[in-house]
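Since chain A is already given, all that's left is putting chain B on it; use the hints.
Chains as they are written, first to last, in this note's numbering: chain A, 1 to 303; chain B, 1 to 299.
Hint data in this document are derived by calculation from the structure and do not stem from the laboratory. One should not assume that every hint holds.
Claimed, not checked - Stretch by stretch, here's where chain A covers chain B in the computed footprint (C-beta under 8 Å, at least three residues):
{"#": "1", "stretch": "55-66"}
{"#": "2", "stretch": "113-124"}
{"#": "3", "stretch": "145-157"}
{"#": "4", "stretch": "218-232"}
Stated by the list, open to error - Residues of chain B placed beyond 12 Å of chain A at every Cβ, according to the derived structure:
{"#": "5", "residue": "77"}
{"#": "6", "residue": "85"}
{"#": "7", "residue": "208"}
{"#": "8", "residue": "209"}
Glycine included, each C-beta is placed from N, C-alpha and C at the ideal position.
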Amino acid sequence: MSTFVSRLQDNRHALGLLFMIPAALVLVVFLTYPLGLGTWLGFTDAKIGRPGEFVGLENFEYLWGDAVTRLALFNTIFYTVVASVIKFLLGLWLALLLNKHLPFKAFFRAIVLLPFIVPTALSAIAFWWIYDSQFSIISWALMRMGIIHEYIDFLGQPWHARFATIAANIWRGVPFVAITLLAGLQTISPSYYEAASLDGASPWQQFRHVTLPLLTPIIAVVMTFSVLFTFTDFQLIYVLTRGGPLNSTHLMATLAFQRGISGGSLGEGAAIATAMVPFLLAAIMVSYYGLQRRAWQQGGTDK
Amino acid sequence: MNSTAATATATPEVTDTQGMNYLVSLPRRIVTVYVPLFAFLIVLLFPFYWMAVTTFKPNEELLSREGNPFWVRNPTLAHVKKLLFDTAYPDWLWNTVLISVVATVLSLFCSVLAAYAIERLRFKGSRYVGMSIFLAYLVPPSILFIPLATVVYKLQLFDTRLALILTYPTFLIPFCTWLLMGYFKSIPFELEECALIDGASRWQILMKIVLPLAVPGLISAGIFAFTLSWNEFIYALTFVSSSEVKTVPVGVVTELVEGDVYHWGSLMAGALFGSLPVAVLYSFFVEYYVSGLTGAVKE
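Here chain A stands alone, though its shape is the one from the complex:
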């Protein structure tokens, strides 16, 4: 750097802090403070309209013994694991398809992302109609094909509802995984594939030993985000089932809303939300470090 810039050193630090003020103000008041407040609320018996008293671990003890909370925890883990794995596999497949020389490639790529950019609450409404117990188009089509003999009650039975909501989540998440992985695929030089095929590598070997290792770092990041979105999902469940039937689709987030906002027990709701944090961190650790480590083992950079 030039000496002129270094003479501005003091000025630079002051100016930097000055420039940070607007963002810092918003983030401290509406993000950092609530984050701390939420943790604190989890240890109180606050209700809507009544500031709570500190009750120690009471909320957490109660929730640990609460069958609905345990079920919600199971649902959240099941939902996250199943949806994330399928989103990854389908997303990777779609990315590989889109990475080929195709006519109208840009057009395909553009429309693939549509499910991700429209409001989830609104597309969930469309799924609600698609899953309707009496007029479901899926049931109608399966009936016509003679596969089933009566309409499927998609959202009325626990396991049906679980898989129906997972399917809707996958529908929304695959485009994100596919488009971001496609960006990763496009950075891989074609010369690697030429070299591999000249050495007689089969398409599977090329995928296994060229594509996958080079793609692993971006897979790690994409799947971390995907797991984060899925674990904290709220709107899809809220619109499709509100947690029912028999709490079988309640996720931690929807349960926190039901207890904290609809039920008015802010403390309990905050405790459920706080309880998500360790699981969330664990999920991020597994998807991020798990995959990063593999990248390192395979000679990738240890970021």
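Just chain B, lined up with the frame of chain A:
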């Protein structure tokens, strides 16, 4: 059908990427590429088609299991008319536009200054500030909405548009700042040094050199922030309760779904018209949107 494997060359099928694709026979390409691709497209686009078909279907066709449900025989505008004139939908649409635009502009303003300070001024501790911005980006709204509701209530913002305008930046600023930091990083320092030597102030440098060069980044961040605000649900559901302040996603879900008889036609019309604005905007700026999405993930 598969003749490529039998060829004597050392290069059999290459199905992965560019390079030697011309060696793959057409029938094989159809089975391995076009059929799955079209299956994906049909599944991904079907819900939108279904929204549109339902919007224009008269009730007797909607509630009948006879005939071909995939097409409309007697299209009607009755559902659209009901939505626009018998519900508060126009209000919700206006609220959504207003809140999204103001929250986006506010976030861009804060983010440009923050990103410039972190990435270009490199003030003392800027590295840590940059890290904490990234961490803030990872905080999901679903663990924040309960304490945030009490904050909103204490500030007497409950049930106002301002509540949403001020809370949306909590996820927009970290995202936009992170994205813009990447763009600012790519602008050569020499340009700034030259301007400093010529006597330009930092403010002039930001306005006349850095920002014009970062226009693609600003567009990406702006488009992304706008769609994120438009799609936001949990804050809008929690912080607002009167019909005239609601946004489209919340209004459709909470007010059009009442009682046991679902008005599927107007529900789907509501979903369709709530999705179209973002879809149209997106179609104009696909490249910026994708670069924003991938840029934010790649960093």
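Comparing the hints with the structure gives:
1. Taking a C-beta to C-beta cut-off of 8 Å, the stretch 55-66 of chain B contributes 3 residues in contact with chain A, enough for the three needed, and the coverage statement holds.
2. Counting residues of the stretch 113-124 of chain B whose CB lies closer than 8 Å to any CB of chain A gives 9, which reaches the minimum of 3, so the coverage claim holds.
3. For a cut-off of 8 Å, the count of residues in the stretch 145-157 of chain B with a CB near a CB of chain A stands at 7, and the three-residue condition holds.
4. For the stretch 218-232 of chain B, the assignment as covered by chain A holds, since 3 residues bring a beta-carbon within under 8 Å of that chain's beta-carbons and 3 suffice.
5. Remark: the non-interface label on residue 77(B) is consistent with the geometry, its nearest Cβ contact in chain A lying 19 Å away (cut-off 12 Å).
6. At roughly 20 Å, the least C-beta separation between residue 85(B) and chain A is larger than 12 Å, which holds for a residue marked as non-interface.
7. Non-interface status of residue 208(B) relative to chain A is upheld: no Cβ of that chain comes within 12 Å, the nearest being about 16 Å off.
8. For residue 209(B), the shortest C-beta to C-beta distance to chain A comes to about 14 Å, beyond the 12 Å cut-off, and the non-interface label holds.
In the structure shown, no violation is registered for any of the earlier numbered hints.
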